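2 protein chains.
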Amino acid sequence: MEFSSKLIAQAVKEIAKLPGIGQRSALRLALHLLKQPEAYTNTLSQALQDLRQKVRYCQKCHHLADENICEICTSPKRDNSMICVVESSQDVLAIENTNQYRGLYHVLGGVISPMAGIAPQDLQIDSLLARLVDNKEVKEIIFALNPTMDGDTTIFYITKKIQPFNLQTSAIARGVPVGSELEYADEITLGRSILTRLKM
Amino acid sequence: MEFSSKLIAQAVKEIAKLPGIGQRSALRLALHLLKQPEAYTNTLSQALQDLRQKVRYCQKCHHLADENICEICTSPKRDNSMICVVESSQDVLAIENTNQYRGLYHVLGGVISPMAGIAPQDLQIDSLLARLVDNKEVKEIIFALNPTMDGDTTIFYITKKIQPFNLQTSAIARGVPVGSELEYADEITLGRSILTRLKM
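Those protein sequences? They're chains A and B, same order as listed. Sequential numbering from 1 applies to the first sequence in the numbering used here. Sequential numbering from 1 applies to the second sequence in the numbering used here.
These aren't lab readings, by the way, just hints derived from the structure by calculation. All figures in this text were calculated on a predicted structure; none of them were measured in a lab. Mixed in with the good hints, there may be bad ones.
Calculated cross-link-like contacts (lysine-lysine; reagent style DSSO-like; alpha-carbon spacing at most 27 Å) [as the list claims (entries may be wrong)]:
{"no.": "1", "chain 1": "A", "residue 1": "K139", "chain 2": "A", "residue 2": "K160"}
{"no.": "2", "chain 1": "A", "residue 1": "K35", "chain 2": "B", "residue 2": "K17"}
{"no.": "3", "chain 1": "A", "residue 1": "K13", "chain 2": "B", "residue 2": "K17"}
{"no.": "4", "chain 1": "B", "residue 1": "K17", "chain 2": "A", "residue 2": "K54"}
{"no.": "5", "chain 1": "B", "residue 1": "K35", "chain 2": "A", "residue 2": "K17"}
{"no.": "6", "chain 1": "A", "residue 1": "K77", "chain 2": "B", "residue 2": "K13"}
{"no.": "7", "chain 1": "A", "residue 1": "K13", "chain 2": "B", "residue 2": "K13"}
{"no.": "8", "chain 1": "A", "residue 1": "K35", "chain 2": "B", "residue 2": "K77"}
{"no.": "9", "chain 1": "A", "residue 1": "K6", "chain 2": "B", "residue 2": "K77"}
{"no.": "10", "chain 1": "B", "residue 1": "K54", "chain 2": "A", "residue 2": "K17"}
Produce the complete structure using the sequences and hints provided.
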């Protein structure tokens, strides 16, 4: 694509590096910016730079944080007796949006995956154990990992590691999604949802 | 959506103001930036600011330009005998990408639309007439406006205005798109494409 303007070409090139945005969408966004007040572009680029330069990872739970310790870990309103173990910060955000969980989190930064060469020491597993040593309040570890082979391997590995702490462990329920139709559920999910049926 | 980080919340808010990008996509983009080297975010926001602050409109053809006169108007390689009249800079970029046209352009900035309250004096029509007075080289005006009622009205209006200059006028061909199937073409397009058939 040619743009007959180096400024547009440069902006399109940089925007198109973002995931899911091709050259045409990038051009559409660039031309949109040109129609908006200059203040918007300034606010946008400032927000992006602030994000990239100032966001840190919480030293306790490794979730994204504005300070050394994240808002969730410092909040007095959270239930310190539960830690929900997740793969990534996205998962924390997804669970927070349900408004159903008021405990703490622990972001592993991935799952154990022999295929991808990710070993337990590449993940924040040791720091989870260290948290359990420091914090005697914790009563339950909730695993909210993706329902894959690697997720299950990771749950198994951590469960063995935390055995000495004598905690309640649990994993998020797997079953037929709310609002979906039974006939479209895959057999493994449907089969498991029968085996793990809840008493009413 | 809650983000437990003001920096993320701010970035998502600003990104989600872009057209076609919702909160979830904005979050995905923000988290993507966090995984990239800091230099990328700096280059991106610099490119956006440069674009917004430095891009101008060409004083001759009103296309986007890095200088007072755009690269197309200044290029010695372009054919000064033709002016292609388009609605927006996007259309110039689209035509440039075909590599089929080496003449000049004139960006109207819209089309005459009584419904939307856009009158001829809101568009760059007078400046087109001024160009024709200044530049005696021009032999042909090519209309490349969207095939709508408003587009046709605008063509009719401008054609009448430029009658004194005694120029060849033409409009881009309308017909069945290359690669499409006849049975899916709408009746008006198909009907016109029969009436305006080309001798082989």
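Going down the list of hints, with the structure as the test:
1. Between K139(A) and K160(A) the alpha-carbon distance is near 16 Å, which keeps this suggested pair within the 27 Å criterion.
2. For the given pair, K35(A) sits about 13 Å from K17(B) by alpha-carbon distance, which is consistent with the 27 Å threshold.
3. Restraint check: the Cα-Cα separation between K13(A) and K17(B) comes to about 20 Å, which is no more than 27 Å; the hinted pair holds.
4. As the CA atoms of K17(B) and K54(A) are separated by approximately 22 Å, the hinted pair is consistent with the 27 Å bound.
5. Straight-line distance between C-alpha atoms of K35(B) and K17(A) comes to about 13 Å, which keeps the hinted pair within the 27 Å bound.
6. Of the pairs offered as hints, the one joining K77(A) and K13(B) holds, with about 26 Å between alpha carbons and a cut-off of 27 Å not exceeded.
7. For the suggested pair K13(A) and K13(B), the alpha carbons sit about 23 Å apart, so the restraint of at most 27 Å is met.
8. For the hint pairing K35(A) with K77(B), the CA-to-CA distance comes to about 30 Å; that exceeds 27 Å, so the pair is violated.
9. A threshold of 27 Å between alpha carbons decides the hint, and for K6(A) with K77(B) the separation of about 18 Å falls inside it, so the pair holds.
10. Straight-line distance between C-alpha atoms of K54(B) and K17(A) comes to about 22 Å, which keeps the hinted pair within the 27 Å bound.
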